[in-house]
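Colleague: Each chain, letter by letter, is given below.
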Amino acid sequence: MASPLALALCLGCWDSSEPASGPIKIPSQPIAGGEIVVACASDIPGLNEIATSSSQTSTELILRMFVKLLDELPDYQDHPPTFEPRLATSYEWSEDHRTLTFHLRRDAVWSDGVPITAEDVRWTWQVQTSDQTVWENASMKEHITDVEVVDDYTARYHFTHAYPGQLVQANEGAILPKHAWGRLPLEQWRTNLPWFTDNLVVSGPFTLDSWTPQEEIVLKRNERYFEPGIPYLDRVIFRITPDPTSQLTQLRTGVIDYIRQVPAEAARQIDASPKTRLLTYWPAQFNPIIWNTKNPLFSEPSTRRALALAIDRQTIVDTLWYGFAKPAKSPVISSVWAHHKEMAPLPYDPEGARKLLAENGWTDSDGDGILDRDGERFSFELLTNIGNRERNDAAVMIQDQLKKIGVQVSPRPVEWNALDDRMSSGNFGAIIMGLGLDTSLDMSSFFKTDPEGKELNFGYYSNARVDEIFSEISTVLDIEAARPLLFELQEILQREQPHTYLWESQRLVGARSTLQGATPSSVGTYDQMRYWWIFPQD
Amino acid sequence: MARFLARRIASAFVLLLIVLSVAFFFTRLLPGSPAARSSMTSRLTPEQIEILRSSYGLDRPAVEQYFTWLGNIFFRWDWGPSFSYRQPAAQVLRQALPNTLLLGLATLIIQYALGLVLGVLTAHTAGGRVDNVLRGLSLSVFSIPSFWLATLAIFLFHERWHLLPAGGMASPGSTQVPLGERWLDLFHHLILPASVLGLLGGVMIAQYLRNNLVEVLDQDFIRTARSLGFSKKRILWHHALRNALSPLVQLLGLSLPTLLNGVLVIEVVFGWPGVGQVLFSACSARDYPLILATTAYGAILVIVGSLLSDLLQRFVDPRVRLEASP
Numbered sequence: 001m002a003s004p005l006a007l008a009l010c011l012g013c014w015d016s017s018e019p020a021s022g023p024i025k026i027p028s029q030p031i032a033g034g035e036i037v038v039a040c041a042s043d044i045p046g047l048n049e050i051a052t053s054s055s056q057t058s059t060e061l062i063l064r065m066f067v068k069l070l071d072e073l074p075d076y077q078d079h080p081p082t083f084e085p086r087l088a089t090s091y092e093w094s095e096d097h098r099t100l101t102f103h104l105r106r107d108a109v110w111s112d113g114v115p116i117t118a119e120d121v122r123w124t125w126q127v128q129t130s131d132q133t134v135w136e137n138a139s140m141k142e143h144i145t146d147v148e149v150v151d152d153y154t155a156r157y158h159f160t161h162a163y164p165g166q167l168v169q170a171n172e173g174a175i176l177p178k179h180a181w182g183r184l185p186l187e188q189w190r191t192n193l194p195w196f197t198d199n200l201v202v203s204g205p206f207t208l209d210s211w212t213p214q215e216e217i218v219l220k221r222n223e224r225y226f227e228p229g230i231p232y233l234d235r236v237i238f239r240i241t242p243d244p245t246s247q248l249t250q251l252r253t254g255v256i257d258y259i260r261q262v263p264a265e266a267a268r269q270i271d272a273s274p275k276t277r278l279l280t281y282w283p284a285q286f287n288p289i290i291w292n293t294k295n296p297l298f299s300e301p302s303t304r305r306a307l308a309l310a311i312d313r314q315t316i317v318d319t320l321w322y323g324f325a326k327p328a329k330s331p332v333i334s335s336v337w338a339h340h341k342e343m344a345p346l347p348y349d350p351e352g353a354r355k356l357l358a359e360n361g362w363t364d365s366d367g368d369g370i371l372d373r374d375g376e377r378f379s380f381e382l383l384t385n386i387g388n389r390e391r392n393d394a395a396v397m398i399q400d401q402l403k404k405i406g407v408q409v410s411p412r413p414v415e416w417n418a419l420d421d422r423m424s425s426g427n428f429g430a431i432i433m434g435l436g437l438d439t440s441l442d443m444s445s446f447f448k449t450d451p452e453g454k455e456l457n458f459g460y461y462s463n464a465r466v467d468e469i470f471s472e473i474s475t476v477l478d479i480e481a482a483r484p485l486l487f488e489l490q491e492i493l494q495r496e497q498p499h500t501y502l503w504e505s506q507r508l509v510g511a512r513s514t515l516q517g518a519t520p521s522s523v524g525t526y527d528q529m530r531y532w533w534i535f536p537q538d
Numbered sequence: 001m002a003r004f005l006a007r008r009i010a011s012a013f014v015l016l017l018i019v020l021s022v023a024f025f026f027t028r029l030l031p032g033s034p035a036a037r038s039s040m041t042s043r044l045t046p047e048q049i050e051i052l053r054s055s056y057g058l059d060r061p062a063v064e065q066y067f068t069w070l071g072n073i074f075f076r077w078d079w080g081p082s083f084s085y086r087q088p089a090a091q092v093l094r095q096a097l098p099n100t101l102l103l104g105l106a107t108l109i110i111q112y113a114l115g116l117v118l119g120v121l122t123a124h125t126a127g128g129r130v131d132n133v134l135r136g137l138s139l140s141v142f143s144i145p146s147f148w149l150a151t152l153a154i155f156l157f158h159e160r161w162h163l164l165p166a167g168g169m170a171s172p173g174s175t176q177v178p179l180g181e182r183w184l185d186l187f188h189h190l191i192l193p194a195s196v197l198g199l200l201g202g203v204m205i206a207q208y209l210r211n212n213l214v215e216v217l218d219q220d221f222i223r224t225a226r227s228l229g230f231s232k233k234r235i236l237w238h239h240a241l242r243n244a245l246s247p248l249v250q251l252l253g254l255s256l257p258t259l260l261n262g263v264l265v266i267e268v269v270f271g272w273p274g275v276g277q278v279l280f281s282a283c284s285a286r287d288y289p290l291i292l293a294t295t296a297y298g299a300i301l302v303i304v305g306s307l308l309s310d311l312l313q314r315f316v317d318p319r320v321r322l323e324a325s326p
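Protein chains in written order, with my numbering: chain B, 1 to 538; chain C, 1 to 326.
Hints may contain errors.
Listed next, the stretches of chain C that the computed footprint assigns to chain B, with coverage defined by at least 3 CB atoms under 8 Å from CB atoms of chain B [stated by the list, open to error]:
no., segment
1, 21-33
2, 51-62
3, 183-194
4, 270-278
I should point out that these hints are in silico values taken from the structure, not numbers from a laboratory. C-beta: ideal position from N, C-alpha, C; glycine also.
Start from the sequences, fold in the hints, and give me the full structure.
Modeller: Shown next as structure tokens:
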């Protein structure tokens, strides 16, 4: 809904609302109490993550009220991420790595005072894997055969076999209250979502205070949360503000304290103001052009490589991202431990691109400026999703860049569902897309041979060695030991270009300067909210 | 009158049936499916997608789905469960509809009040400088898209002058304040969105009223009134305006769909918790029952509004014979 025109107005008149003031004095210790207002682009359907389709917002909000066994830490720069205790104080593996035992805190209780026990852990796994709840992450539990209650505070996960990612998969999903939510028959879970709100019992630092649909969700401190003195904040108001320009305006005027997405063009101003702060992190997301290898235009790796050589990624990044992005070369972004730093990026080399295309038989036989081969012109649609300014603008720049080597590109923004439909059915030539890669670094769904197109290999890429690499990785228990395989994979992907990676961009989060302790990361933009605090401004 | 009402209700029923039927089949033609929503973000397995499709009834032929859905509406007023909110679609709408109606009503009041004042003023000074300036300004305002005018209003009244809130229906976290303060707060939040929409509608009504008034002022009975020595003001307000208002009442019925569309857009910009936001998220999620329920409620609103405007016209202008209406 936000138009560039509206944003331009918002930015152009920035100074008028910011009286000159000196730097704000930040207290040295966290202050307990107070409330903050956080902008949300949309309302959430409900408070039970298993009974509803999740969105990033709903998952993150629910995780303020329900805790997992462990918390993943965003410390993946030099090694795979580590986990810190949350509901579980510790865990241990069996010798054959097929059972994983969690020891739970003994002081953790639900908000109604009932202790949180291993029975809750087992029941949560049962509802997560039930056909009646149809939880969308149920596939992450497919190799878990049972969750055994050893005693009240010990739960043991049994796996079909040992594999990397066992811990991540066991830990997926917050633990739910069996004594409270077990009263609703499973067959009613998907039709009676408000029931869970009416019968809410939480384990996390916050609980629900009030919920006005489409307007705001107010969380308040859970007095029975197990960390003493935590959370610092008394209340957090999630304010539904669909329009990004309005979010930005209200951040600047102090109505809103935290917004999770600042447009790149506004970021410097947010950073420069003494009243606001810009918080940044590198999200686990890569932004490729996906080439449909079933399309004869893109079936040859050397042709795809030629197109990649003709795209000037540095210029695209400099033009569109205001310094908050860098050219990409791999699906493993450069801030992740497994990124292949030694692998040189493909240069911008239009001359080399022309040569490669000529070697493949692409010439301008009729002199119209467009390459052709066997009567077929090198012309295709480059799809993007409507509403993503950077991708839409990048498509136009790529159109211009590829025109210089005689390739005709028609940029076409498409509505999200329609785009998804075309991607899933293979009805496209090329698409600019953003794809997420979690810290397990399992890229098999993107690149493993998948003729039926059931996974995320939208471009139908197939390479025998790549398939072998995935098979080899699946037998390595410690993913860090698979580093050479991950490097080899990145080299093949660079050589064959099933995707052409455009940029790695920072996630830009805006906060009022009075809000402290916020550490957005790829784990979540509301991560560690229990340690956030706010101080009154003079 | 009774015959007229019976005929109008019957035709409204048929019209609603057509709207519902067209909407039903059009939503099914949209790319994407609620069961397989976003292959890029969802980890649903093919087996889970089948379970969902079956539970939503999407695995049955479209015609069968259509008749089941229609039967549930007409016999039980059941619009089905919302796929995304996982509760009855009608319940989701019931929470949002009063907010939309409130915004719509406030907008109507503003646009008719503004239209009346501006229309009379420009007619009174027809051909003069005031008329020309006001008409020029009206045209300029009318050509501005509503979302852009809304952004401008937020910038001026919220960011620059700190007079009015930028969005929402209440101040953040105000559910615990006394009722009286909450009403005041609501009024405060209502001013900006209602004024933006009211301004856009008001200039259109003003133009319409001006033209009617100028025409009426040229008629014989006005000349007679002038010759009888009535003052210019009395002629304008007592004789001309009453005659010129009648088409405006008809305009009320016609402008309801435009008003509803405007409200839906403005709701998103101002974060107003109404049907617009619900429809926006329902469309993104391909939540068929909620899309259809929203469409139907909108259609019912327009049909009832149009019927009321016809009845109102009968009272404003007794010359109108309702029985003669098609």
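Colleague: Each hint: holds or not?
Modeller: Each hint tested on the structure:
1. Evaluation of the coverage hint for the segment 21-33 of chain C: fulfilled, as 3 residues show C-beta separations to chain B shorter than 8 Å, against a requirement of three.
2. With 3 residues having a Cβ less than 8 Å from any Cβ of chain B, the segment 51-62 of chain C passes the three-residue criterion, so the hint holds.
3. Residues of the segment 183-194 of chain C lying with their CB closer than 8 Å to a CB of chain B number 0, which falls below the three-residue condition for coverage.
4. Counting residues of the segment 270-278 of chain C whose CB falls under 8 Å from any CB of chain B gives 6; the rule of at least 3 is met.
Violated hint for the displayed structure: number 3, the only one.
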